[in-house]
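*Asks:* Chain by chain, the residues:
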Amino acid sequence: MNLFEGLPGRMERFGSLVRFFLSSGRALFRSRPDVGEWVRQGYLLGNRSFGLVAVTAFIVGLVLTVQSRPTLALFGAERWLPSMVAISIIKEIGPVIAALVCAGRIGSGIGAEVASMKVSEQLDAMEVSGISALACVVVPRVVATTLVIPVLVLLGDAAALLGSYVGMILASPMDPGLFLTRAFENLTYSNLLPAVAKTFAFGLYIGLAGAHCGFEAEPGPAGVAKATNRAVVAGIFGVFLIDLVAVNLTNLFFGS
Amino acid sequence: MAAPVPVLQMIDGTRRFGGRAVLDHMALSLRQGETLVILGRSGAGKTVLLKCLVGLMQLDEGSVLIQGLDLGTADPDSLNLIRRKLGFLFQGAAIYDSLSVRGNLEFQIRKQLRIRDAAQVEILVRQVLLDVGLEEAYGRMPAELSGGMRKRLGLARALVSEPDLMLYDEPTTGLDPVTSQEISHLIRATQKGRGVASIVVTHDLHCARATADRIVVIGDGACRAEGTYAQLEASPDEAVNAFFR
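So the sequence lines, in the order shown, correspond to chains Y and Z.
Everything in the first sequence is counted per the numbering used here, starting at 1 for the first residue and increasing by one.
Everything in the second sequence is counted per the numbering used here, starting at 1 for the first residue and increasing by one.
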């Protein structure tokens, strides 16, 4: 297998995504902000994904706690379990898990919706009337994902900590106040802020990648399916890539 | 006295796909208040021609001028200004599926005409629905509309901006003969009532007869014949005459 076989095509798509990002940015600043539509999209996207993010995060928190306990017990370090789980969840696992769920749920939804608008000529209908499809279709969705995904991540973190607490009390009873005290005792702003900051980048990217795949959809139902699939794959891959960059930047500015 | 500037003009337009010229040095001109019908077989490049005429597709060579403005060299703001006075009925109507009938029109009024006053929007919505005979569908969703109603809604959406130029892509395709006739009459009424210059791309002869002031037959990427319905019907050119049998 030649690893570089699809590279020119991928580079071309990346270039197209960058151009799309710049055009969308221009559309955002040139058009009158449609705050009502931003809020509507934010509500739709957030409402649709909250349950899935919360349940997934809860399970991850619970499993992480149950799996880590025996190893920590070997060293007599069970006391540190809430703190270890909290730092893992808030710094890394929570944002990435929530972003991956959103890439699947929100990214695919945006990709499919925009692609079906493209193949049914709805985007052309806007352009031909002098209405910017970027400003009316892309900008509200991208603004919504950029603002909503960080909120979903924070709610997901809370659900994961709840899962962790349930994991703790399955083994031995523990006061919730004590759990929270121990969970947050080693958490610093340098843990929290970069983790929250990268979720904005996840949100921006997921919305943008979904809309871009939809905009580039080929004609016909197969084009919609392909665009949806691409939106998910691009979203998941991009989340990992952004995370890699964010972790290295965090280490550079805040230390590891 | 100088001749009036055509509302729309294509000069030497060429558009290729994979080396094949779908439009080959095409020349076309539309006068104020005129309805020009473009007839051609399936795959003759009618839709490509229409999309090139409004700048949804770029020509490889040649130019398109709308009210004297060259679409190929116009800056985006001028292009948008021109497009705001242009109506386009797509073959599939291109209705915004997530919005109701009213929502489709309201969106167009707010975004295209930049009208924000709710009362004024409501008056315009009601008026244009009345014009196309779609008052009873006011609150319905596009999924609940028949093919003919979708076309009417597409037409209403195009007319709401009171365009100077209307373009129709296969307006009667997929409709029953009665509805086709109604749509053709609506096109004619729009042209007569509002004095809108129109281009109708079709392969439906009944539609062509009902709407045309002038007909252009295209084939092999170029104009093969031009004239009134009666002139072309009597054409000695076998390829042109074949349309009218």
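Keep in mind that a hint or two might mislead.
[As the list claims (entries may be wrong)] Distance windows between CB atoms, simulated: (1) Leu-113(Z) to Pro-221(Y): 32 to 40 Å; (2) Gly-6(Y) to Gln-120(Z): 22 to 30 Å; (3) Ala-118(Z) to Val-55(Y): 40 to 48 Å.
[Claimed, not checked] Some chain Y residues flagged as far from chain Z (calculated, every beta-carbon gap over 12 Å): (4) Glu-5; (5) Leu-7; (6) Met-126.
Since the hints were derived computationally from the structure, they do not count as laboratory data.
Note that the coordinates shown come from a computational prediction; the quantities given were computed from them, not determined experimentally.
Positions of the beta carbon are idealized from the N, C-alpha and C atoms, including for glycine.
*Asks:* Work down the list of hints and note, for each, if the structure agrees.
*Replies:* Hint check results:
| no. | hint | result |
| --- | --- | --- |
| 1 | Leu-113(Z) to Pro-221(Y): 32 to 40 Å | holds (34 Å) |
| 2 | Gly-6(Y) to Gln-120(Z): 22 to 30 Å | violated (53 Å) |
| 3 | Ala-118(Z) to Val-55(Y): 40 to 48 Å | holds (41 Å) |
| 4 | Glu-5 | holds (23 Å) |
| 5 | Leu-7 | holds (24 Å) |
| 6 | Met-126 | violated (8 Å) |
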